[in-house]
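**Student:** Sequence:
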Amino acid sequence: MSRIGKKIINIPSGVQVSVEHTKLVFKNQKITQELETHGRVKILLEGNTLRFEPVGENAQDKAFWGTYGALASNIVTGLDKGFSKVLEVNGVGYKVALGHKVLELSLGFSHPVKYPIPDGVDMVVDKNTITIKGSNKQQIGQIAADIRAFRPPEPYKGKGIKYKDEVIIRKAGKTAKK
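In this text, residue positions in the sequence shown follow our numbering: the first is 244, and each later residue adds one.
Bear in mind the hints are in silico, worked out from the structure with no lab data behind them. Nothing false has been slipped in among the hints.
Beta-carbon label-pair distances, calculated as ranges: (1) Ile412 / Gln381: 26 to 32 Å; (2) Lys324 / Lys421: 54 to 60 Å; (3) Gly351 / Asn301: 50 to 56 Å.
Using 27 Å as the maximum straight-line C-alpha spacing, the simulated DSSO-like pairs for lysine-lysine come out as follows: (4) Lys305 / Lys266; (5) Lys400 / Lys338; (6) Lys414 / Lys338; (7) Lys400 / Lys414; (8) Lys249 / Lys305; (9) Lys380 / Lys407; (10) Lys407 / Lys344; (11) Lys324 / Lys249; (12) Lys285 / Lys250; (13) Lys270 / Lys250; (14) Lys376 / Lys402.
In this text, all values refer to a predicted model and were calculated from it rather than measured experimentally. The beta-carbon is built from N, C-alpha and C at its ideal position, and this holds for glycine as well.
Using the sequences and the accompanying hints, generate a full structural model.
**Tutor:** The structure is reproduced here in structure tokens:
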């Protein structure tokens with residue numbers, strides 16, 4: 244049995260949910276998101292609760308049951324509260340600046356790295372931290388991973404871009420011969 248699929252999703256007052264055939268449409272004041280289930284799960288929308296049931300009894304159907312439950316829960320949470328990721332930039336001379344729809348990173352390369360900010364995503368830069376906010380959990384995570392990939396943290400000095408809660412295991416440098 245899917246523990247995630249069994250969970251009932253409570254819909255907050257600011258979010259509206261409607262079912263159109265096999266598609267779920269989630270709306271708040273500004274944003275509309277859709278989740279297409281392709282008929283892989285039964286959608287049960289009762290008042291302010293949403294839940295799913297598997298179509299069959301095989302392993303594939305139960306996997307879809309949990310997957311669509313998690314995706315719908317993430318959409319509801321994103322429209323209600325939103326998601327955020329925080330990145331830290333560590334290193335001498337490493338700088339971050341926020342332009343109009345562009346994040347500009349100086350990371351020790353011969354040129355600044357310019358990352359275009361997609362629609363629906365807000366970024367805040369404060370000294371050496373970058374906060375990425377938005378309603379789509381997958382998109383926020385992918386943007387954070389893309390930015391981190393420009394200069395991943397290295398284990399000797401800890402220079403690079405890392406997640407706020409990430410722990411970099413440090414290595415000892417070379418030792419001189421005696």
